[in-house]
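Chains as they are written, first to last, in this note's numbering: chain S, 2 to 349; chain D, 533 to 822.
Among the hints, erroneous ones may be present.
[To be verified] Once the Cα atoms are required to be at most 25 Å apart in a straight line, the calculated SDA-like pairs of lysine to any residue come out as:
| no. | chain 1 | residue 1 | chain 2 | residue 2 |
| --- | --- | --- | --- | --- |
| 1 | S | K142 | D | K704 |
| 2 | D | K704 | S | P243 |
| 3 | S | K142 | D | R551 |
| 4 | D | K574 | S | P243 |
| 5 | D | K704 | S | C57 |
| 6 | D | K544 | S | G110 |
| 7 | D | K720 | S | R44 |
| 8 | D | K720 | S | R41 |
| 9 | D | K544 | S | P243 |
Honestly, the hints are just simulated from the structure, not real lab data.
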Amino acid sequence: MPDAPETALIAAPACRVGDSADSRVEANPSARTPTFRQSRAHRLMDRWANLAFLACSLLVVGLIGGILFFLASRGLAAFLPMAGNTGRTLAFSEVFLSADWAPSSDRFGILPFIAGSLGVTGLALLIAAPTGTLTGVFIAKLAPAWMRDLMRQVMDLLVGIPSVVYGIFGLTVVLPLVSRTWLGEAPASGFAVSAVILAVMIVPTIVSLSTDAFESLPSSLDEGAQALGSSRWQAIWHVLIPAARPRLITAAVLGLGRAIGEAMAVQMVIGNNPQWIALMRESTDRAPFLRALFTPAATLTTELVQELPNTPAGSPWNNVLFAMGLLLYLMTMVLILATRRLGHRKEA
Amino acid sequence: MRVALRPSPTAKIVDRVMRVVLWAIALMFVVVLVLFVGAILKQGWPVLNLGFLTKMPETLDAGGGIKPQIFNSLYLVALSLALSLPVGLGAGVYMAEYAGKGRALNFLRLCIETLAATPSIVLALFGMIVFVQTLGWSFSIRSGALTLALLNIPVITRVTELSLLAVPRELKEASYGLGATKLQTILKVALPYAATGILTGLVLTAGRAFGESAILVFTAGTNASAQFPDFRLTVPGETLSVHLWYVTSDGTLPDAREIAAGTAAVMILVLLSLNMLVRLVDRTIRRRTR
Chain S
2 MPDAPETALI AAPACRVGDS ADSRVEANPS ARTPTFRQSR AHRLMDRWAN LAFLACSLLV
62 VGLIGGILFF LASRGLAAFL PMAGNTGRTL AFSEVFLSAD WAPSSDRFGI LPFIAGSLGV
122 TGLALLIAAP TGTLTGVFIA KLAPAWMRDL MRQVMDLLVG IPSVVYGIFG LTVVLPLVSR
182 TWLGEAPASG FAVSAVILAV MIVPTIVSLS TDAFESLPSS LDEGAQALGS SRWQAIWHVL
242 IPAARPRLIT AAVLGLGRAI GEAMAVQMVI GNNPQWIALM RESTDRAPFL RALFTPAATL
302 TTELVQELPN TPAGSPWNNV LFAMGLLLYL MTMVLILATR RLGHRKEA
Chain D
533 MRVALRPSPT AKIVDRVMRV VLWAIALMFV VVLVLFVGAI LKQGWPVLNL GFLTKMPETL
593 DAGGGIKPQI FNSLYLVALS LALSLPVGLG AGVYMAEYAG KGRALNFLRL CIETLAATPS
653 IVLALFGMIV FVQTLGWSFS IRSGALTLAL LNIPVITRVT ELSLLAVPRE LKEASYGLGA
713 TKLQTILKVA LPYAATGILT GLVLTAGRAF GESAILVFTA GTNASAQFPD FRLTVPGETL
773 SVHLWYVTSD GTLPDAREIA AGTAAVMILV LLSLNMLVRL VDRTIRRRTR
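The following block holds chain D by itself, in its conformation from the complex (with noise of 0.2 Å):
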């Protein structure tokens, strides 16, 4: 490397010119959010009313709704978190707190990181094969519901898992020193202080999977109830995302299009709200524990 102690003046030309790439290439990833987000609302705005949230879907002709692919896209979200929740709290307690540094750690900490990558449509594939066709569970909210939990342990396994790494040691070795055990130490020292990030978390979770479409097509179907609400557990269950995905691709409905920009516009709504909600969360907490 050739250095002198000043700059020479054409790497002060380069200088300045990488520094503008750089700051032209962040603004850029800013036009292509703001273009992104206003393009999707600017086609589903004339969509967007109070019927279109609130009737039932048409198979044939236009002007339906998406009444039960909201519901859908709730309850599966809330069922899959529901089922997600204990498996993912414990690995990541296990993880940070009784797996030592060894080797078994690290081989827990592959498996974690596999799962985190695996496809969606891999994990679909599964799902098909075990809940829908093995155990003849067929497309169904139960089917996906499970399916769908595999994509959320290995983020709550990881969010717990660093939430509870953050946890001063100060703090549990005072639980320790006064006669506390491990467990009680976890759930009332540990846990709590760390239940503002583990919640965080599962916000981004919760919006993660209500996104998800892979999955579901092959697990929870593209059919929605006919009723309404309707929770059991047996029926196949459409979510918005795979709607929008479904009247894109079938193309029987004459107003797909609107059908799908309508649906397009509320997830990026219902998102745009979770995202502010976990950083208001996130401000509210920060301030009040400075």
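Only chain S is shown next, with the shape it has when bound in the complex (with noise of 0.2 Å):
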């Protein structure tokens, strides 16, 4: 029976180990002539073992895989006749080239939603990307150590905080307020407040990405700067922030992600109304940029959780809203393949 010494002679090591990190280093004094074959059954076990973790992950691969299949088989149903399908065959491009979206009268145009997304993405990058940065650069050049934790906890809530929180608080607080102390208590919905909104749910990606691609620059970047004279901030303007922008531009991209398929939160906020372009266009009771601002709109995401679950399974309006989910997929997919090629050129 050579098999019962090996495991205890294998198993007393690995436990103490495990309970304290200054024996960890000390081999068992036992073990003096170790002998490095292993049983037969737990050579086999590692080899199952292997097996099995390598199923975990083929599966999350198969989950890539299997979610881009499911989306297209109902998104694609609008453009090809499907098995299933109750309504006409559409055209491509009277869904993606058109701005009239009037299911009920059989008219598809996703431009709006794609333009709303776009715009109320847009915004709230251009609020979150820049103070996020400077945030990072903050945290990991200037700010002290308590502050440091500060901001560490601060963040670390703000991304805790659930999207129908942040909603709740947009439409009870945040609305009422514009309105009351900007607009003449005019209604205050649309893409400003929602992109507000957005900028503080996803300054947390930027502010922890952007403080690690600062952490991780060579000291001697800072020291060489202030050792020719120049002060932090032209340190940090003319040296730092030059070196760290492919991974700066990588944690907008990310912050880009997360905002552009964020879905509750914005629907609380943006007013959900698929005709806002042409009651922008319209409207002449503001002046354009108001307009702009505050006109109610809507999203690809928003506009999914308003309709799909109105509307008949198989339906040309159906397949249409699927079809904009397989359209936010892709983006994703788009975007995080957009970082690896910063990656990989941040490497070169």
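Put the complex together from the two separate chains, hints included.
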């Protein structure tokens, strides 16, 4: 029975090592003559475990493909004559190149939602990217230890707050406040408030990634700049930010990804008006930029939340909504691949 | 770049101004958070009492509670974690210990990153097609738990991988040196060492799943069972976050505002305590290992 002593030998040091960090370097004194052969049972288990861990990983890979397959099967049904379709087959151009959304009269242009998504995320990024990056450099290079600790906690909390709570805050606090103070009681829903709330939601992502970026820069850069007589800010602006640029852009892109997929918070404050382009163009009661910021609008995600539960499966309306989901998924993939590209360029 | 060995007077002024600006931006986020949490708690405080937490919800009248929603939230979080933990752990172990450094690992990491970045509304659509419609499970706890697990998997995988990569190499080498197999080394040396990191990640994942709403609106539905507690997997399971959204957007309840405010306050309190728990655990562990 060679197995028993071997397992005992193997198990004993392992348990002890897990308990305290001090004993980790010392080997077990009783292991003076270690046997480097493992029992057959253990080797067999080892092989099976390898397969099990591999299976878990392959499941993740499969999920990526599975999501694509199922979303495509419903989203592309809008454009192809498939079994289960109840309405007519649509052309690509009348969906992706038309701004006319009136599903009940058989018109399915989704440009308003694409434009809405891009508009609100663009605005959010415009707020979040500079402030987030500067907060990152502040945490990494300027803040005293207590402030660094405080900021880390603040960002942890901001990222942990659920989107519906952001939404209810926007709905019950920010919208009335903005409407009372700036708009003379006119409703405030639209791009501006949604973008501000989105910006707060994505800032933790940008801050934590840009803090990492600045912290991983070699300190010689900073020291060199200061030895040459530059002020702290000059070193940051002329040396550190350019050096960290690829990773800062990656941070912004990931923030963008989070913003474009956010559904509930935006749905609660943006006003959900698919005809926003027409409304923005035709209404004349306010200055143009106020109209652009405070006209109730809609995005890809908000429209899905708003209408998907009410449409029968297989109808063109329902299929187009799934096509919008597919579009969101493809956008995510493109953004992730873009961050990959940026990463590679940095190494080159 | 123009440089003088000492900053010019203008540079000094700019430096001072920018320091103030950076402090101001950082403090602005602190203020935003404090105002935010303060406003939510202040709105919800008058509603929060034992009755609100322990009564069943009303459909048309004022005065309903959120008892089943609290239960459903905890139940769904627990189920989704139980479903995603084995997969996430397994994938994390594979990436840290088995995958080597080649193209396979790169591709795997790309997949994990993509899944992590996939908007929850897209996962919701997937869950709706597969579980709700194709498998015919309709809006139910099981549809919700399975779809919610998709949200957790990439986070758990990442946390597991990072925690395992932080295990000192000498530890594993000592274990191999004593003749342990790879599996034994992982199970008895690496995972126990990484356990605290993984546990912290799990608590954060639980918090995220607790707050998730888009996925559950489309898979677990916007109704709560009339029984309590209802452990069946086939009934709809409206959670706190979905309830908060639904009463606000539906508008049939006369006291929807109060209910939403109270629910939001409960959620914030739960998340604040989860956060405290993580920090407490983190601190005690750091003290113990020092």
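Status of each hint after checking the structure:
Among the hinted pairs, K142 (chain S) with K704 (chain D) is inconsistent with the structure: their alpha-carbon atoms are about 35 Å apart, more than 25 Å. For a cut-off of 25 Å, the pair hint linking K704 (chain D) to P243 (chain S) is broken: about 39 Å separates their Cα positions. Straight-line distance between C-alpha atoms of K142 (chain S) and R551 (chain D) comes to about 11 Å, which keeps the hinted pair within the 25 Å bound. Restraint check for K574 (chain D) and P243 (chain S): the C-alpha separation of about 44 Å exceeds 25 Å, so the hint is violated.
In summary, the hint linking K704 (chain D) to C57 (chain S) is supported, as the alpha carbons are separated by about 23 Å, within the 25 Å threshold. Note on K544 (chain D) and G110 (chain S): the hinted pairing is violated, with a Cα-Cα distance of about 55 Å set against a maximum of 25 Å. Between the alpha carbons of K720 (chain D) and R44 (chain S) the distance comes to roughly 15 Å, so the proposed pair stays at or under 25 Å and holds. For the proposed pair K720 (chain D) and R41 (chain S), the alpha carbon gap of about 19 Å is at most 25 Å, so the pair holds.
Restraint check for K544 (chain D) and P243 (chain S): satisfied, since their Cα atoms lie roughly 21 Å apart, inside the 25 Å limit.
Going through the hint list in order, the structure does not satisfy hints 1, 2, 4 and 6.
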